[in-house]
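For the sequence shown, counting from 1, position 95 maps to 95 in this note's numbering; every step adds exactly one.
Simulated from the structure, these hints should not be mistaken for lab results. A quick note: this is a predicted structure, and the numbers were derived from the prediction, not measured. From the three backbone atoms N, C-alpha and C, an ideal C-beta is built for every residue, glycine too. Please note that a few of the clues may not be correct.
Computed spacing ranges between beta-carbons, pair by pair [unchecked claim]: (1) G53 <-> S87: 35 to 45 Å; (2) D93 <-> D117: 17 to 27 Å; (3) S70 <-> A115: 34 to 44 Å; (4) E114 <-> D88: 19 to 29 Å; (5) R22 <-> S112: 17 to 27 Å; (6) P25 <-> E101: 18 to 28 Å; (7) A105 <-> P25: 32 to 42 Å.
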Amino acid sequence: MQIRIVSDEDEQALTDLWSWLRRDPATRTLAVEPVSGTGPTMNVLEALDIVLGHTVDIANFAIAYATWRSARPAAGTGARTLAHGDSDNDIGDLTAEQLTELIRALDREARSREADDPDEDLHPS
Numbered sequence: 001m002q003i004r005i006v007s008d009e010d011e012q013a014l015t016d017l018w019s020w021l022r023r024d025p026a027t028r029t030l031a032v033e034p035v036s037g038t039g040p041t042m043n044v045l046e047a048l049d050i051v052l053g054h055t056v057d058i059a060n061f062a063i064a065y066a067t068w069r070s071a072r073p074a075a076g077t078g079a080r081t082l083a084h085g086d087s088d089n090d091i092g093d094l095t096a097e098q099l100t101e102l103i104r105a106l107d108r109e110a111r112s113r114e115a116d117d118p119d120e121d122l123h124p125s
């Protein structure tokens, strides 16, 4: 499953989160790819795409994110949006448990859609 954490116009927050995930022993092996802007915002970090392969990855990411969020100054507002499929979710105030359940629910929903229409990618939009 792939999720995207959006900068919410706070590139520094996203950079800090990326660094935090690379330093955390439980998340350093996650596939995390930076997403830079195009056009006038070229080279500006806009999001992180994160691949969560297993249930353990989801829990480890949720714990790392919640810990990072609690360690940030109260004024930190960026990197609060988790995007997956057609949904955007504010995760800035979620506990690790709540975030784990949200990601699992999004994963179940995506798997259910794939099971309903296995050729979804073959259908034109």
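Results of checking the hints against the structure:
1. G53 <-> S87: 35 to 45 Å: Once the Cβ atoms are compared, 20 Å apart, the range 35 to 45 Å for S87 and G53 is violated.
2. D93 <-> D117: 17 to 27 Å: Given range 17 to 27 Å: violated, Cβ gap about 34 Å.
3. S70 <-> A115: 34 to 44 Å: 37 Å, holds
4. E114 <-> D88: 19 to 29 Å: 20 Å, holds
5. R22 <-> S112: 17 to 27 Å: 33 Å, violated
6. P25 <-> E101: 18 to 28 Å: 23 Å, holds
7. A105 <-> P25: 32 to 42 Å: 27 Å, violated
Checked against the numbered hints given earlier, this structure breaks hints 1, 2, 5, 7; the rest are met.
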